[in-house]
Amino acid sequence: MESSVFQPQTAAELAELTDLVDELSNLLDLQNHTMAGTTSQVINASSEQLIRLLIPMRTKLNALENRLRTESIERQQLEALQTVGAAVNSSLELKDVLNTVMDSIINLTGAERSFLMLFNKSGSLEVRAARNMDRTSIEDSAFEYSRSIVDKVAATGEPIVTTDAQDDPRFAAAASIVNFNIRSILCVPLKLKGHVTGVIYADNRATSGIFGVAERDLLNLFADQAATAIVNANLFLQIREHLDSITEMKNLMDDVFESIASGVITVDIDDQISLINQAATEILALDGHSAFSVPYSESLAALLPELERLVGLAKEERAHHAAELDIRLPHRPGTTTLNLTCSPLQDAYDDIQGIAIVVDDLTEKKRLDSARRYLPPALVDRIRDIDAAQQPQRREI
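Counting in the working numbering, the sequence shown runs from 1 upward without gaps.
For the record, the hints were derived by calculation from the structure and aren't laboratory data.
It should be emphasised that the depicted structure is a prediction, and the values quoted were computed from it without experimental measurement.
Be aware that a few hints might be false.
So the derived label-pair ranges between C-beta atoms look like this [to be verified]:
| id | residue 1 | residue 2 | range |
| --- | --- | --- | --- |
| 1 | L362 | S122 | 36 to 46 Å |
| 2 | L243 | P333 | 44 to 54 Å |
| 3 | R367 | T247 | 21 to 31 Å |
| 4 | F236 | N179 | 50 to 60 Å |
| 5 | R240 | F143 | 52 to 62 Å |
| 6 | K121 | R216 | 26 to 36 Å |
| 7 | P169 | Q82 | 21 to 31 Å |
| 8 | N234 | D351 | 31 to 41 Å |
| 9 | F143 | D351 | 46 to 56 Å |
| 10 | D351 | H289 | 27 to 37 Å |
Just so it is clear, CB atoms sit at the ideal spot from N, CA and C, and this is done for glycine as well.
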């Protein structure tokens, strides 16, 4: 009797009971052999009665052993299901999840190969993972499985098990089963909230009778866990791709933002600074880190009250407002001339979410314009021509 699948105490008790029955049977055989030819009717009657009692006892013992073996195997399978379920849900990497699912199927069912197929965007089943019993991936060129069974499970959402597909009247005529010499097949649907998202297919091309109802039910339970894990991994992959795309776009915007010669400052709905570029910190001699998330009235106090007026108008009228401002800044000698432009930042519903403040330093331009007043007209015209030549030219193509 194979007792390795039982609990130690149960196995010991079964072995003891079996040994006792065997011992009684042997004693009766010995007694019958020793008393052969005797005329004692009492002894013969007792022996026959004991034999009659031992026969049903042995039958019941065998039935008990088989039942305990079945229950023990089911318990081990459920424990394995719990273990592999935890393993499948321990990762959000889609490739790792798929490979773990495949290896777990082979371990749970004793399959030679396993395939996992998911519906793609066009509605066709696509093999996403394929593994064999040595835990290596199967190449695309070796995708040899029963397409008729896969298609039927995907269409009906019901599992299929066949102990010998070659002799099964349902599938014996299927070309793939005949051509690939497939024998044991187990195929179950992957479902999420009652909707079939794919199928799990396992087979054995050499041996029949590998799968039964117990393996079908077990794989069905596992498929429910696997479907959820695969969806979670897919969502994680999509989120990561979206995050990468957003990060790339943000980096591009940051590069563009920093390359602008004008100072750019944005304030949120609570009038706190939410963005400030390098040009703004240089023009206004600000510390970008300390100015961030601080009310603009504190960080940009040198621009008040004109800046407050422009911000108020931009909010009230939902339009651009600009003004030129001559101020004295502590870090710069003399008067600094700035052009301030305030524009509302609106969302898709036209609700104001903040204000964009653009700061242009006109000090040098104003100084040059002032100096030109004292130059001869011809020289001023020549300077203008040089300035125009140095500016980018727009060409129509």
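Okay, the hints, checked on the actual structure:
1. L362 with S122: 36 to 46 Å: Once the Cβ atoms are compared, 59 Å apart, the range 36 to 46 Å for S122 and L362 is violated.
2. L243 with P333: 44 to 54 Å: Since the Cβ atoms of L243 and P333 sit about 47 Å apart, the hinted range of 44 to 54 Å holds.
3. R367 with T247: 21 to 31 Å: violated (43 Å)
4. F236 with N179: 50 to 60 Å: Taking Cβ atoms as reference, F236 and N179 lie about 39 Å apart, which means the hint is violated.
5. R240 with F143: 52 to 62 Å: violated (28 Å)
6. K121 with R216: 26 to 36 Å: holds (30 Å)
7. P169 with Q82: 21 to 31 Å: Because 37 Å falls outside the window, the suggested range is violated.
8. N234 with D351: 31 to 41 Å: holds (34 Å)
9. F143 with D351: 46 to 56 Å: Because 54 Å falls inside the window, the suggested range holds.
10. D351 with H289: 27 to 37 Å: Holds: the Cβ-Cβ distance is about 29 Å, inside 27 to 37 Å.
Hint check: violations occur at hints 1, 3, 4, 5 and 7; the rest are consistent with the structure.
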